Structure formats: structure tokens, C-alpha cells
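Go by the hints and put chain B onto chain A.
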Amino acid sequence: DTGVSQNPRHKITKRGQNVTFRCDPISEHNRLYWYRQTLGQGPEFLTYFQNEAQLEKSRLLSDRFSAERPKGSFSTLEIQRTEQGDSAMYLCASSLSGSNEKLFFGSGTQLSVL
Amino acid sequence: GQNIDQPTEMTATEGAIVQINCTYQTSGFNGLFWYQQHAGEAPTFLSYNVLDGLEEKGRFSSFLSRSKGYSYLLLKELQMKDSASYLCALRSGGYQKVTFGTGTKLQVIP
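Chains A and B, in that order, are what the protein sequence lines are. Take the first sequence: its letters are residues 1 to 114, numbered as in the working numbering. Take the second sequence: its letters are residues 1001 to 1110, numbered as in the working numbering.
Next comes chain B alone, as it looks inside the complex:
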């Protein structure tokens, strides 16, 4: 099976940088997603990491270490609209099922 751990809540200040961590245990790792979900809306794709290292996409970056079972999402120059839940998700197993963590609710304050 899979086990995904993320902090439940975080608070950060507008304009700052925040790092949201995700640790996981799984067999048959294929890749790791980060999704953003605003309250009352469907999740939207942010990033997908297959290999170790950092991938940067504008204000958002995602890091993966497969040997440590660890990933983080880095958000720079925080804006109020970044207040949302951030979901870490694993693709794993022979059928490549995608399993989500419980999500980290980020509140950006002025």
C-alpha cells in the first residue's frame, strides 16, 4: 500500500516563501504529483516529478528525493490567491494508481 504524510495546515505572509513537505512510503514508485485545490473547486495540476531533483515552473518549484521518500513544493512571492490546499499524490504500483495525501491547507496573510 501507500502512505503519504503532509502537514495539515500552514500559514505564511504575502510576499514570502513557503515550503510544503511530503513524505511517502510505497512500493513500485512511478512519480509524484502536486495539485492545488481552492475551497469548493476541483484540484488543478501543479507539477509532476519522476526523477530526483528540483523542477522549477514560475513561482512554484517541486523537489523529489526517491531514496528518502521525500518531496517538497516551494512557493515564492506568495500572493493572497495562493491560499488553498496543496495535495501531494503518488503514482505507484503495477497499474500506476494515483493516491492522494490528506493535503496541506495554506493560509496566506497580509
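Pulled out of the complex, with its shape left as it was, chain A reads as follows:
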């Protein structure tokens, strides 16, 4: 078990292009979170899955953002028609429901929109 894995580590794209990020959680974890973080800020909640069900999505998130977790294992986050304001670190975290349910984070995907 190598922890939470995110790909790619870095993504540079032109404004208007679509991008997709992947997150592989710790294998037995049933909960998966996506966050966005900009410099000097805390992680901003985007969306949250329990198994394959998307339980909540941030009201601040536009319709250009969509996430899936089709088999309750890995997850993808897609951003359509990227804008410069989408430039940020996108973090994925997973946890196991039960005891203290601490979140384990991946190293993130740094997105730069030119």
C-alpha cells in the first residue's frame, strides 16, 4: 500500500481546454474527497464520495467541474473550458468510515492555466 496516489503531478493547459485528474485512494478506504488549494489558503472543499455515491458537491463549484467514482475505487475530476482562475493545487484525500476517520492526502495535482 503506497498511500493516496494522484496523477498527473503537474498539468499546464491553455484556457478553454478540458483537463482530467485521477486519484487512487488507499485500497480499503470507502470515502474520497477532492479539495482545491491556492497559495496561503486552506484546502477548499469541492466534493465528497462514499463508495461510488457522490454525497455532496460545493455550491461554489460551477457546472464546469464534475467528478466520478464509478466503482467506488479510483476517482476522476474533470474541469471543462478551463479558466485562469482554475489554477490551483487539486488535492485528493481518502478515509475509512469508523473510528477517527482521519484523512490521508495525496501529493496533489498542480494545475496551471495559461
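Rather than coming from a laboratory, the hints here were simulated on the basis of the structure. All of these numbers come straight from a predicted model, not from anything done at the bench. Do not take every clue at face value.
Claimed, not checked - Simulated pairs of lysine to any residue, SDA-like, Cα-Cα distance not exceeding 20 angstroms:
1) K1068/B - Y1048/B
2) K1057/B - D1082/B
3) K102/A - K1068/B
4) K14/A - G1031/B
5) K102/A - P1007/B
6) K102/A - N1030/B
To be verified - Across the chosen pairs, the derived CB separations fall in these ranges:
7) Q41/A - R1066/B: 40 to 48 angstroms
8) L96/A - G1058/B: 22 to 30 angstroms
9) K1076/B - G72/A: 35 to 43 angstroms
The beta carbon of each residue, even a glycine, is placed where N, CA and C say it ideally should be.
For chain B alone, kept in the frame of chain A given last:
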């Protein structure tokens, strides 16, 4: 919704003790986390409080008062490597979503 407040920055001296406060407002409180994040790295877990009181773990302790909507992280015997951002996070609501504050950037000076 949730509201989490932490000081933006703090400075403390190597070997000293520092207390980082977090106040919050939420409905459906389930628990409160503290995470450490070094620059350019992912957050790492420090503590999780569900019940009122102090939990000690080595040089780090975390306190919770649910009635006051208040928590603090206490760092003892500060080391230079403790320079990092410290994030307070709430688990709350029916779906137990985890929401982070903006973080407190701690600088440890010699």
C-alpha cells in the same frame, strides 16, 4: 454551513511553547481535526477531537470545547522543523463532510 477562524500567522522561538487557536460555528458537529502542512507538501494528520478535553500526543496536544466552539493546538519544545501551516478542520453535517480553515502559518525562529 460552517465557519472556521484561525489566526493567519504566528511567530515563536525555538524551544518555546505556542498555542494556535481555532474557533468555529457549525451545525451537526462530529469532530475536529488538526493537520500540519509544510510548504509545497500535502497536509498530514496531527489530531482528532470528538469529546471535550485535552488530548496529548508527544510534543503536540489538542483541546476541544464543544459548548464554546473552540479548539487549540499546543506545540511544546518548538523545533525549526515545526515551521509550517497548521490547519483546523471540522467534520460536520449528516454526511460528515470535512471542511478546512484557512490555516495558521507558524514561523519558528532561533
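Outcome of the hint check:
Note on K1068/B and Y1048/B: the hinted pairing holds, with a Cα-Cα distance of about 17 angstroms set against a maximum of 20 angstroms. Taking the CA atoms of K1057/B and D1082/B, the gap is near 15 angstroms; set against the 20 angstroms cutoff, the hint holds. Between K102/A and K1068/B the CA atoms are separated by roughly 23 angstroms; this puts the pair beyond 20 angstroms, and the hint is violated. The hinted pair formed by K14/A and G1031/B fails the criterion: a straight-line CA distance of about 41 angstroms is larger than 20 angstroms.
Proximity of K102/A to P1007/B is assessed by CA-CA distance (about 23 angstroms); at most 20 angstroms being required, the pair is judged violated. Proximity of K102/A to N1030/B is assessed by CA-CA distance (about 13 angstroms); at most 20 angstroms being required, the pair is judged to hold. Taking the beta carbon of each, Q41/A and R1066/B are about 26 angstroms apart, not inside 40 to 48 angstroms as hinted. Against the hinted window of 22 to 30 angstroms, the Cβ-Cβ separation of L96/A and G1058/B comes to about 24 angstroms, which satisfies the hint.
Evaluation of the 35 to 43 angstroms hint for K1076/B and G72/A yields a pass: the beta carbon distance comes to about 42 angstroms.
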